[in-house]
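Q: Sequence:
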Amino acid sequence: ASVLIYSHKIKHSGTLFVRNTTLGVHMDFLKDLKPAPYLRPMLNLGCLLDIGTGRYYVGEYGESILNGGLSHLTGVGGRGNTFKSTLMFFMMLRVLDRYSKSAGHVYDTEMSLTIARLYELAQQHMPNIAGHDLEAEQRMSITDKTMYNGSEWYDMLKSSTADRKKEIKSDMGRTPFLDRDRKPIQYLYPLVVGLDSLSQFTSANVLRIQEDGDVGDSSRNVEALRDGGAKTQLIMELPTVTARNGIYMLLSAHVGDEFAMDPRSPPSKKLAFLKNKAKFKNTPEKFTFLMNNCWYCISASPLIDGDKKPEFPRNKDDDLKGDTDLMMVNLVNLRAKSGPTGMPMDVVVSQSDGVHVGLTEFNYIKQSRFGIDGNLQNYTLSLVPDIKLSRTVLRRKIDEHPQLQRALEITSEMAQMSDMWHDLPPGLMCQPRELYADLIAKGYDWSVLLATRGYWTHDNDKHPVPFLST
Numbered sequence: 001a002s003v004l005i006y007s008h009k010i011k012h013s014g015t016l017f018v019r020n021t022t023l024g025v026h027m028d029f030l031k032d033l034k035p036a037p038y039l040r041p042m043l044n045l046g047c048l049l050d051i052g053t054g055r056y057y058v059g060e061y062g063e064s065i066l067n068g069g070l071s072h073l074t075g076v077g078g079r080g081n082t083f084k085s086t087l088m089f090f091m092m093l094r095v096l097d098r099y100s101k102s103a104g105h106v107y108d109t110e111m112s113l114t115i116a117r118l119y120e121l122a123q124q125h126m127p128n129i130a131g132h133d134l135e136a137e138q139r140m141s142i143t144d145k146t147m148y149n150g151s152e153w154y155d156m157l158k159s160s161t162a163d164r165k166k167e168i169k170s171d172m173g174r175t176p177f178l179d180r181d182r183k184p185i186q187y188l189y190p191l192v193v194g195l196d197s198l199s200q201f202t203s204a205n206v207l208r209i210q211e212d213g214d215v216g217d218s219s220r221n222v223e224a225l226r227d228g229g230a231k232t233q234l235i236m237e238l239p240t241v242t243a244r245n246g247i248y249m250l251l252s253a254h255v256g257d258e259f260a261m262d263p264r265s266p267p268s269k270k271l272a273f274l275k276n277k278a279k280f281k282n283t284p285e286k287f288t289f290l291m292n293n294c295w296y297c298i299s300a301s302p303l304i305d306g307d308k309k310p311e312f313p314r315n316k317d318d319d320l321k322g323d324t325d326l327m328m329v330n331l332v333n334l335r336a337k338s339g340p341t342g343m344p345m346d347v348v349v350s351q352s353d354g355v356h357v358g359l360t361e362f363n364y365i366k367q368s369r370f371g372i373d374g375n376l377q378n379y380t381l382s383l384v385p386d387i388k389l390s391r392t393v394l395r396r397k398i399d400e401h402p403q404l405q406r407a408l409e410i411t412s413e414m415a416q417m418s419d420m421w422h423d424l425p426p427g428l429m430c431q432p433r434e435l436y437a438d439l440i441a442k443g444y445d446w447s448v449l450l451a452t453r454g455y456w457t458h459d460n461d462k463h464p465v466p467f468l469s470t
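When we follow our numbering, the leftmost residue of the sequence shown carries the number 1, and every step to the right adds one.
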């Protein structure tokens, strides 16, 4: 600044200040001001959720590390039967599967969740936690409104995690990201908290109104007002509480229709990609703009073929007509603070097993046939040409072959970069078949490259599985 902009020194109250004549500020104020963290680590989730919400940073070894996925505050909304809770629990369990010193907790305001259901969702595609008793390992807990009202639960959450902001060494991990001084950033081991749902969250003052007044009693006329006020206060506190205490919070909310009392004055559109009549129910407006990401499950439809059999059967015997286990959930990010909003994508969900990552990634690249070689009936992925695929064997082979899972992850992330990142340096982007051939020509072995993990974690360089980002 002193080279580019003329500055002069003035005497003020016995102290020498440097004043920038262009900006009109005291430069010692900028020097003494404590800066915000260089970045806040986001937890990689995969399943198309990282590229659109993050960006790459260079680590201490020159490696590229994606900071994207789960932020400190994430909203998940949708109408009934659009699998918003399933998506939310997938994000939570994915963190527990990938980040070994993380823990999870759910406050169930609808009294419908069991620990057995969470174990089911982790069984098929979460190899590091499948079969584990996460409650016994003190990595997962569930409570509900029959145990604590909303105020009691939130006060306990704040008080029990308050010591974490003191950054005690045992609570801290070393990330591969570098700070302004090129030193590894330390972070609090993640505590992933799910509030399912915010729409049914009830604070202590609202509960007192409900207990003291009968249904229809005039004393309960202020109930909705108090309910909205309490939830607004909660949402306003969460950005600071979560970031300071190492909490990654997920909040689900119901979506329904908003009806205008005056037909000549329809409801105003509050979010660009939320239809006019759609509204988050029993949820304050701040929910939509204080979230780091706000995912909206628009719709869900059965994934079946022309004969109404499963589009992607588990095996040759999985051919029951009318089987709706596999569902296609249309998803859009309504509010993204670190990426594009409004870009729709589909997530494949099994009603029994939860989110199916491989089928979701395959469905994405299938739309443009990015990285797929062959015809519509028989094909291969460019990065694993030795694994022959067709619609009826795809699901089984994804579940059986880790190399295919890894190839789908890399290919789908490349496709997302091609679709979303329009400021890449010229000549950097290539097709998967080019990447496959060029790296072989340089002497690389793809069986080694695909025996890697694409997500960062604490002590990244000490993890037994080598790191290789897309």
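These are computed hints drawn from the structure, not numbers from a lab. There could be a bad hint or two in this list.
SDA-like, lysine to any residue: derived pairs with alpha carbons at most 25 Å apart [what the hints assert, rightly or not]: (1) Lys279 / Gly80; (2) Lys308 / Leu290; (3) Lys366 / Lys337; (4) Lys277 / Gly229; (5) Lys281 / Gly322; (6) Lys145 / Leu39; (7) Lys316 / Lys388; (8) Lys397 / Glu311; (9) Lys166 / Ser100; (10) Lys101 / Leu468; (11) Lys366 / Lys281; (12) Lys308 / Ser390; (13) Lys101 / Arg453; (14) Lys145 / Ser100; (15) Lys158 / Leu134; (16) Lys366 / Leu376; (17) Lys279 / Met343; (18) Lys397 / Met343; (19) Lys281 / Asp346; (20) Lys397 / Gly427; (21) Lys101 / Gly80; (22) Lys462 / Gly80; (23) Lys158 / Ala204; (24) Lys101 / Lys166; (25) Lys277 / Met343; (26) Lys397 / Ser382; (27) Lys281 / Leu376.
Here the structure is a predicted model, which is why all the values come from computation and not from measurement.
Q: Look at each hint and say if it fits the structure.
A: Hints and how they fare:
The straight-line distance between the Cα atoms of Lys279 and Gly80 is roughly 13 Å, inside the 25 Å bound, and the hint therefore holds. The hinted pair formed by Lys308 and Leu290 fails the criterion: a straight-line CA distance of about 42 Å is larger than 25 Å. Distance restraint check for Lys366 and Lys337: the Cα-Cα separation of roughly 28 Å exceeds the 25 Å cut-off, and the hinted pair is therefore not satisfied. Between Lys277 and Gly229 the CA atoms are separated by roughly 23 Å; this keeps the pair inside 25 Å, and the hint holds.
For the proposed pair Lys281 and Gly322, the alpha carbon gap of about 32 Å is over 25 Å, so the pair is violated. Between Lys145 and Leu39 the CA atoms are separated by roughly 36 Å; this puts the pair beyond 25 Å, and the hint is violated. The hinted pair formed by Lys316 and Lys388 meets the criterion: a straight-line CA distance of about 16 Å does not exceed 25 Å. The straight-line distance between the Cα atoms of Lys397 and Glu311 is roughly 15 Å, inside the 25 Å bound, and the hint therefore holds.
At most 25 Å may separate the alpha-carbon atoms for a hinted pair to count; Lys166 and Ser100 meet this at roughly 22 Å. The suggested pairing of Lys101 with Leu468 holds, with an alpha-carbon distance near 21 Å, which does not exceed 25 Å. The hinted pair formed by Lys366 and Lys281 fails the criterion: a straight-line CA distance of about 35 Å is larger than 25 Å. With a C-alpha separation of about 18 Å, the suggested pairing of Lys308 with Ser390 holds against the 25 Å cut-off.
As the CA atoms of Lys101 and Arg453 are separated by approximately 17 Å, the hinted pair is consistent with the 25 Å bound. A distance of roughly 29 Å separates the Cα atoms of Lys145 and Ser100; the hinted pair therefore is violated under the 25 Å criterion. As the CA atoms of Lys158 and Leu134 are separated by approximately 22 Å, the hinted pair is consistent with the 25 Å bound. The suggested pairing of Lys366 with Leu376 holds, with an alpha-carbon distance near 10 Å, which does not exceed 25 Å.
Taking the CA atoms of Lys279 and Met343, the gap is about 19 Å. The hint holds against a cut of 25 Å. For the hint pairing Lys397 with Met343, the CA-to-CA distance comes to about 29 Å; that exceeds 25 Å, so the pair is violated. Simply put, Lys281 and Asp346 have alpha-carbon atoms about 24 Å apart, close enough for the 25 Å limit, and the pair holds. For the given pair, Lys397 sits about 34 Å from Gly427 by alpha-carbon distance, which is inconsistent with the 25 Å threshold.
Pair hint Lys101 plus Gly80 does not hold up; C-alpha atoms about 34 Å apart against a cutoff of 25 Å. Annotation: proposed proximity of Lys462 to Gly80 is violated, straight-line Cα distance about 43 Å (limit 25 Å). Only pairs whose Cα atoms come within 25 Å are accepted, and Lys158 paired with Ala204 is accepted, the gap being roughly 16 Å. For the hint pairing Lys101 with Lys166, the CA-to-CA distance comes to about 18 Å; that is within 25 Å, so the pair holds.
With a C-alpha separation of about 20 Å, the suggested pair Lys277 and Met343 falls inside the 25 Å cut-off, and the hint holds. Taking the CA atoms of Lys397 and Ser382, the gap is near 16 Å; set against the 25 Å cutoff, the hint holds. Our distance criterion of 25 Å between C-alpha atoms is broken by Lys281 and Leu376, whose separation comes to about 43 Å.
The structure fails to meet hints 2, 3, 5, 6, 11, 14, 18, 20, 21, 22 and 27 from the earlier list, while all remaining hints are met.
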